[in-house]
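Peer 1: Going down the list, the sequences are from chains Z and S. Here the first sequence stands for residues 214 to 427, numbered as in the working numbering. Here the second sequence stands for residues 214 to 427, numbered as in the working numbering.
Incorrect hints may have been included.
Intra- or inter-copy, both count: the list cannot distinguish identical chains.
What the hints assert, rightly or not - Only pairs whose alpha carbons sit at most 35 angstroms apart, straight line, appear in this in silico DSBU-like list of lysine-lysine:
id	residue 1	residue 2
1	Lys233	Lys418
2	Lys357	Lys233
3	Lys233	Lys370
4	Lys357	Lys339
5	Lys260	Lys272
6	Lys355	Lys339
7	Lys339	Lys418
8	Lys370	Lys260
9	Lys260	Lys339
10	Lys260	Lys418
11	Lys418	Lys355
12	Lys233	Lys260
13	Lys355	Lys370
14	Lys370	Lys272
15	Lys233	Lys272
16	Lys418	Lys370
17	Lys418	Lys357
Hint data in this document are derived by calculation from the structure and do not stem from the laboratory. In this text, all values refer to a predicted model and were calculated from it rather than measured experimentally.
There are 2 protein chains.
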Amino acid sequence: MLSISRQALQRLPLYLNYLKSLPPGTVNISATAIAQALGQGDVQVRKDLAAVSDRGRPKVGYDTHGLIRDIEEFLGYDNVDTAVIVGAGNLGRALLCYDGFSTYGLDIVAAFDADYTRQGVLENGKQIFPVSRLGELCERMKVKIGIITVPAAAAQKVCDTMIEAGVLAVWNFSPVRLTVPAGVLVQDENMAVSLAVLSQHLAEKLRESEEDAV
Amino acid sequence: MLSISRQALQRLPLYLNYLKSLPPGTVNISATAIAQALGQGDVQVRKDLAAVSDRGRPKVGYDTHGLIRDIEEFLGYDNVDTAVIVGAGNLGRALLCYDGFSTYGLDIVAAFDADYTRQGVLENGKQIFPVSRLGELCERMKVKIGIITVPAAAAQKVCDTMIEAGVLAVWNFSPVRLTVPAGVLVQDENMAVSLAVLSQHLAEKLRESEEDAV
Numbered sequence: 214m215l216s217i218s219r220q221a222l223q224r225l226p227l228y229l230n231y232l233k234s235l236p237p238g239t240v241n242i243s244a245t246a247i248a249q250a251l252g253q254g255d256v257q258v259r260k261d262l263a264a265v266s267d268r269g270r271p272k273v274g275y276d277t278h279g280l281i282r283d284i285e286e287f288l289g290y291d292n293v294d295t296a297v298i299v300g301a302g303n304l305g306r307a308l309l310c311y312d313g314f315s316t317y318g319l320d321i322v323a324a325f326d327a328d329y330t331r332q333g334v335l336e337n338g339k340q341i342f343p344v345s346r347l348g349e350l351c352e353r354m355k356v357k358i359g360i361i362t363v364p365a366a367a368a369q370k371v372c373d374t375m376i377e378a379g380v381l382a383v384w385n386f387s388p389v390r391l392t393v394p395a396g397v398l399v400q401d402e403n404m405a406v407s408l409a410v411l412s413q414h415l416a417e418k419l420r421e422s423e424e425d426a427v
Numbered sequence: 214m215l216s217i218s219r220q221a222l223q224r225l226p227l228y229l230n231y232l233k234s235l236p237p238g239t240v241n242i243s244a245t246a247i248a249q250a251l252g253q254g255d256v257q258v259r260k261d262l263a264a265v266s267d268r269g270r271p272k273v274g275y276d277t278h279g280l281i282r283d284i285e286e287f288l289g290y291d292n293v294d295t296a297v298i299v300g301a302g303n304l305g306r307a308l309l310c311y312d313g314f315s316t317y318g319l320d321i322v323a324a325f326d327a328d329y330t331r332q333g334v335l336e337n338g339k340q341i342f343p344v345s346r347l348g349e350l351c352e353r354m355k356v357k358i359g360i361i362t363v364p365a366a367a368a369q370k371v372c373d374t375m376i377e378a379g380v381l382a383v384w385n386f387s388p389v390r391l392t393v394p395a396g397v398l399v400q401d402e403n404m405a406v407s408l409a410v411l412s413q414h415l416a417e418k419l420r421e422s423e424e425d426a427v
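Please construct the entire structure, taking both the sequences and the accompanying hints into account.
Peer 2: Okay, here's the thing in structure tokens:
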């Protein structure tokens with residue numbers, strides 16, 4: 214398996230999404246067609262695909278279904294990973310109830326919260342446990358992915374407990390930079406960062422239109 | 214106002230979060246202290262802060278509250294921006310109900326959905342309208358931020374309607390690369406991309422441990 218950059222890795226789900234949106238009769242697809250459809254560079258797409266699949270044929274392109282399988286296999290979507298969420302507020306519960314993650318090989322089996330009024334069984338049968346049981350249950354269920362949706366002040370402690378219990382990848386929705394040992398990956402989903410980008414763009418547009426009005 | 218890179222812009226919310234977590238009596242704070250607390254480079258923090266605030270004094274550092282105000286002003290958090298959500302599934306409703314966005318100057322005033330069973334008034338008083346009224350209501354309420362949480366196939370059309378109605382910044386949770394005119398910003402929040410990164414990390418760790426076992 215060739216190694217792949219993080220940037221290339223992040224483009225693979227886009228390709229996958231596009232390939233899956235093609236009409237069922239699309240037997241073959243070229244890197245050029247994918248590049249054009251997604252507004253990406255031809256060379257880049259060609260290189261990204263070559264890193265994950267050896268099905269490319271000159272003038273023919275890729276066998277569409279084979280390419281889908283190769284990307285999914287590379288991304289590990291064919292192995293279902295078990296995950297838990299800590300923090301069962303609005304966002305945590307939304308993620309717990311969202312049924313689209315199975316497409317990505319992710320099965321969120323349970324949530325944890327310190328607030329006992331949130332504990333119990335949800336409509337979809339998934340359970341919210343006391344956070345005091347986090348370590349024990351992660352170990353027992355061999356959970357490898359931990360999702361953090363707690364407030365900033367609690368995030369590092371939750372992260373430490375998860376990792377002690379064997380978690381290898383953390384999906385972090387709290388606005389904190391987490392410290393983790395080597396070999397553990399943190400993927401930050403920082404909404405505050407996104408909002409900063411949006412908000413600053415608007416502030417700038419506003420200043421521009423005020424200057425235009427002068 | 215100095216210009217600032219997107220990378221620097223994305224670090225500002227981290228600084229802000231840290232500054233707000235300091236004990237109330239922290240009158241002054243140095244760039245070095247911030248850098249150490251967040252594991253960032255000293256020079257970088259110094260440069261980032263200088264771009265948004267001129268309160269820095271040699272050997273004293275920054276007046277903490279003044280620095281918080283300067284960052285918030287730069288990010289436009291002191292102007293409340295009105296936003297709407299299109300797509301009132303689990304994620305859309307979670308965002309609509311989340312009360313933490315006001316901290317970032319974002320007020321999500323309403324949601325829209327094509328499914329009439331989702332339309333109506335929520336517990337918190339916010340309303341979910343038919344998506345057919347999106348353009349009209351965005352114009353009337355002078356909405357400048359649009360949040361997209363619809364399935365992939367519907368996203369571009371929703372985006373076009375928003376922009377026609379005056380939206381200048383789009384927060385996109387759908388797994389689609391949106392096409393927008395110059396002057397409009399798209400901030401992608403692509404969960405599929407994050408999941409790809411997490412999943413591939415685990416697949417790699419799994420392969421490593423299998424190789425070790427051989």
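Peer 1: Would you list, in rising numerical order, the hints stated earlier that this structure does not obey?
Peer 2: Of the numbered hints given earlier, the structure breaks just one, which is hint 9.
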